[in-house]
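Participant: Next come the chains, spelled out residue by residue.
4 protein chains.
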Amino acid sequence: MIKVGIVGGTGYTGVELLRLLAGHPEVEVTVITSRAEEGVRVDELYPNLRGHYDLAFSTPKACELAQCDAVFFATPHGVAQGMMAELLAFNTRVIDLSADFRIKDIDTWEAWYNQSHGCPELVAEAVYGLPEVNRQAIRTARLVACAGCYPTSVQLGLIPLLEKGLVDPSRLIANAASGVSGAGRGSSVDNLCAEVADSFKAYGVKGHRHLPEIKQGLSEAAGGEVGLTFVPHLLPMIRGIHATLYSELQVEGVDLQALFEERYRDEPFVDVLPAGSHPQTRYVKGTNMCRIAVHQPQGEKTAVVLSVIDNLCKGASGQAVQCLNIMFGLPETAGLNSIAAMP
Amino acid sequence: MIKVGIVGGTGYTGVELLRLLAGHPEVEVTVITSRAEEGVRVDELYPNLRGHYDLAFSTPKACELAQCDAVFFATPHGVAQGMMAELLAFNTRVIDLSADFRIKDIDTWEAWYNQSHGCPELVAEAVYGLPEVNRQAIRTARLVACAGCYPTSVQLGLIPLLEKGLVDPSRLIANAASGVSGAGRGSSVDNLCAEVADSFKAYGVKGHRHLPEIKQGLSEAAGGEVGLTFVPHLLPMIRGIHATLYSELQVEGVDLQALFEERYRDEPFVDVLPAGSHPQTRYVKGTNMCRIAVHQPQGEKTAVVLSVIDNLCKGASGQAVQCLNIMFGLPETAGLNSIAAMP
Amino acid sequence: MIKVGIVGGTGYTGVELLRLLAGHPEVEVTVITSRAEEGVRVDELYPNLRGHYDLAFSTPKACELAQCDAVFFATPHGVAQGMMAELLAFNTRVIDLSADFRIKDIDTWEAWYNQSHGCPELVAEAVYGLPEVNRQAIRTARLVACAGCYPTSVQLGLIPLLEKGLVDPSRLIANAASGVSGAGRGSSVDNLCAEVADSFKAYGVKGHRHLPEIKQGLSEAAGGEVGLTFVPHLLPMIRGIHATLYSELQVEGVDLQALFEERYRDEPFVDVLPAGSHPQTRYVKGTNMCRIAVHQPQGEKTAVVLSVIDNLCKGASGQAVQCLNIMFGLPETAGLNSIAAMP
Amino acid sequence: MIKVGIVGGTGYTGVELLRLLAGHPEVEVTVITSRAEEGVRVDELYPNLRGHYDLAFSTPKACELAQCDAVFFATPHGVAQGMMAELLAFNTRVIDLSADFRIKDIDTWEAWYNQSHGCPELVAEAVYGLPEVNRQAIRTARLVACAGCYPTSVQLGLIPLLEKGLVDPSRLIANAASGVSGAGRGSSVDNLCAEVADSFKAYGVKGHRHLPEIKQGLSEAAGGEVGLTFVPHLLPMIRGIHATLYSELQVEGVDLQALFEERYRDEPFVDVLPAGSHPQTRYVKGTNMCRIAVHQPQGEKTAVVLSVIDNLCKGASGQAVQCLNIMFGLPETAGLNSIAAMP
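Protein chains in written order, with my numbering: chain H, 1 to 343; chain B, 1 to 343; chain G, 1 to 343; chain F, 1 to 343.
Honestly, I wouldn't trust all of these hints.
Unchecked claim - Here are some of the chain B residues that sit facing chain H, going by a computed Cβ distance under 8 Å:
1. Y12
2. V180
3. S181
4. R185
5. S187
6. V189
7. C193
8. A194
9. V196
10. A197
11. D198
12. S219
13. I238
If you are wondering where the hints come from, they were derived from the structure by calculation, not from laboratory data. Just so it is clear, the structure is predicted and the values come from calculations on it, not from any experiment. We put the CB at the ideal spot given by N, CA and C, even for glycine.
Taking the hints into account, I'd like the entire structure generated from these sequences.
Facilitator: Okay, structure coming up:
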């Protein structure tokens, strides 16, 4: 059994890790930390876990975490930076769900996250945790920086087009919508049920922190800088991201359906739906799947890609477990076999 | 025009007062206070009000509030107590939406609200603001303590039975469910959309603060102490209270439908639905109506009353406006004519 | 009092007309028709209307409808066509909420609606019911074909840019999302609560019937053909449309905020929010308002306009009442003064 | 591998069976029937199943179903009756999720279901499928009639009290609320999202078909006839039942918490929460668990039991799989190990 620790286990990505790992045949969670809830049993805070864990939150200590084969950081940005060097020195491998090590350009990171980076020397080494792009590098990585939720849904939808140079990389549009769990478990008036449960809005149009992350990934796929307008929206529901992606075809007569099917043929967690489909977020809820459809409305030059994921699963904790499986040579789908419930 | 002030205008009952009073032909809101939002325009915080108010929040000052003919307190419990004596001394009439002056027995209030009462000398004078019971006293009251949300829905459903002595007063059950706006606009993890938007639960089964208020009202109707089990539940929606009320008939052959129709014949805001109906909370959303149905399943001895209100309207701000209308001799429905939107 | 009739009153736009007209000081609803519900009282089907109407559904007869000064068609497409010539011959003025007379090119209509047009001779005369564009023509129209829901939200958001030639008209993108009431009151598995209440999807990407209607309106504003990709989405909520509109600026240094404020300065139902705002559908729920914000993310060449309406109100019945007010010389806001409830 | 067939696989309990059985280590679904969807792949109708089944719906034929070791009926009431005798004659064991064989008194069944019973001769043999009561009989049953959704939640909450004679059996109250998936996948105006997604109501107060089923089970537990008032309510959400159960204690000084813990100590799917808890429907969503809390408010004589299940899982398909496991000597939790997702 692989021993894992979770730092910051009280948040939504923490409890999602616990849910997924409870069913993982090769993993045992041995430490879970939270300063605020020290001593509280995890199944007291999350009664859905009753019967599955006999574990309480503890204060994070590097020496204890270092007993683990792998440590997940399910923390807000800024936290993993502070402990990373120490942990890696113990030969513990780290999977960071936060944004701390995702962006290669440190100035960009500091500008968007509005603080100095606490561990710039490890940024270059960190492997961006999007297995469909970086599987090989993830295998041997000491530090994986898991892709964010919007970035996963947008990149998986656009990279087949960009890798082949089929669309104009200077005018990409990513219109995405997320369930409110994406905002995390922090108390806030803005995310009260009474504020958001019966309404819909765009937010962060001026600039959202996932913009530079997405641009970095798309630029790699395109082999050069891309122009991207990214507008996130808040859905009156809990889980799910739906990305509607617009790009302008610069080549005629391409079979987009075949292109996508070919690109993702061997991917266990990317499912290209039949031509003409409209993926629904509920098709992937609670699972690590990304389901994608590609359209070319009226046969005109705009390609429209629809991509859905569960923001807490393929957009966070599921992706982290997928990376763990890759890092430790386990079957990539271990612990990730559940099926979305419909209805 | 009657000049009114609102203390604590940033909460949900505050903005609901603003919405209702914007359409009131005889009232002008001249002061609205909030320490936290001093200087902020009300339509900046609540853009639904754009075009209807040219007003900003100010810090509450008794001398300014005293310029008003009437002042609403839309504050958490404990606030109105502190300013009440001073305001009344200015001859301003006060309509308190909070729980401060609802309970006549001060020890009971202090036990349930877990603090000393700051103004016990005015409790006896305060008139309980449930017009269907106290219309006459409200007319001349200096201080009206508006009935709470659950208490309104439960009392309107049970008093016809208790006033006539038709049911056993010792075994009353009030099973009620409220939308999450009843919890107010305070930031809290428990009321995040991600926590409550797709679930249902009972809460406060051990004892909810509305229990003594309801028992006080029902005991008056029954002419003696009542036994009541009250279980509130939290609905995954924003507005609306539904009370399902069980009592045991101790008289045979009563025409319950006729009884309820007769009791509320002249009430502008209580609508007894046709026999066999099931009121839905959406029938009253955004309005000051209480809609009621009464059943006697299988003709057996349990009477089941179903009663719905909008917790923020008939359960709070609408009731407050109704009281204002009564106090100032205005048509009782002024400003309260809107119709629930369906769907 | 102006006497009005409503054909097809059992659907969602029908009951919304009843709600709005109940509060209209100059209008009396004298006839409401439904074949399926003949003889049923409107307040039996819609208990929210109890106390406001003493009216039952009747089978539609032209001779009775002709007694009205104006008749609303709140019917599915294909119905108004059949009665239009006869009604107009009686000098009754007609406001059609359906799609029957919106599209000027009859071949286009027939292709998208997949049937022959039943009254092509009146299409040219029909005035497209979008007051912000056609107010003058509406005044004297015999037949107003009210703008659809998506078309209203999209056109109001894009025409200020197109009228001034500021954006490339060949690459417009309208990404819109609607509450499920837009699908109407027909029974359908696809719109069951269990199917859509906790999910989000695009639909009709291949081509939605509102596409030709929107293109027609935008082309008029642009003074020439436009290229438009329109992707509608289904929101897990009941009311509200949010349009996110992307266009490419071809002129530098324009003050978009000033442009929009100027364009809509005198419009009672279009509200340009302060710079940097994100309109929420709840800001307009139950009202005839369209609230708009305009952004230019990172100062780059893509303009992003956000536009919200209530699909049943400004997107249907409210717009119809607004047109009625214009046609009969009433204050344009009569019956349309309500304020959205928050929360 | 045990071969199973599913009759009526397009409904919500059918797809839930498919979801659960996809993860069952000892079961293979070999036949799934639907007249309406003959030839359609199950993963076309339910894309959440993509990658898990290579199966299409077929027309039900007894000879093909008879090849299975067990057959589930996931049909509306009235269907299983017609095929039951023939199937049992083939020595296929049957698990009926419908109401056809639940009620022992045939007159009662016919009165409540308003039709003649098509197979009265097998009613006596049928074993009521509530493992916590009938595990022994289920083991060897040829025909299991699974307990209904409300009946499961209510019986599990009340039988510990009734079995011990602690409460007055003549005045039981079951106030229950269900998500809308309980109404099934039939098209209906009443269950449209626009009708129910933002409202709450009681229904069937006059008498719901689950009433005689519940009374039958409670009477067995009590050892004599019970008096029960049962009021179901419709929640604005998809999955979950919450029962709030009121009964009058006739014995003093009982430790209710200990009683419940003792009664369910060895039950894998009944979890008695710590004293003072309030179970939430989300604690059990997608799982076969029933979580229960018991209260005695203010120490008075009314016991209040709170019981939550997932109506499609422990209330239908999960319970059916649990019965299958018992019938075939498999581990009782096989295929039923998933954990509810929070949030």
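Participant: Among all the numbered hints in the text so far, which are the ones the structure does not match?
Facilitator: 12
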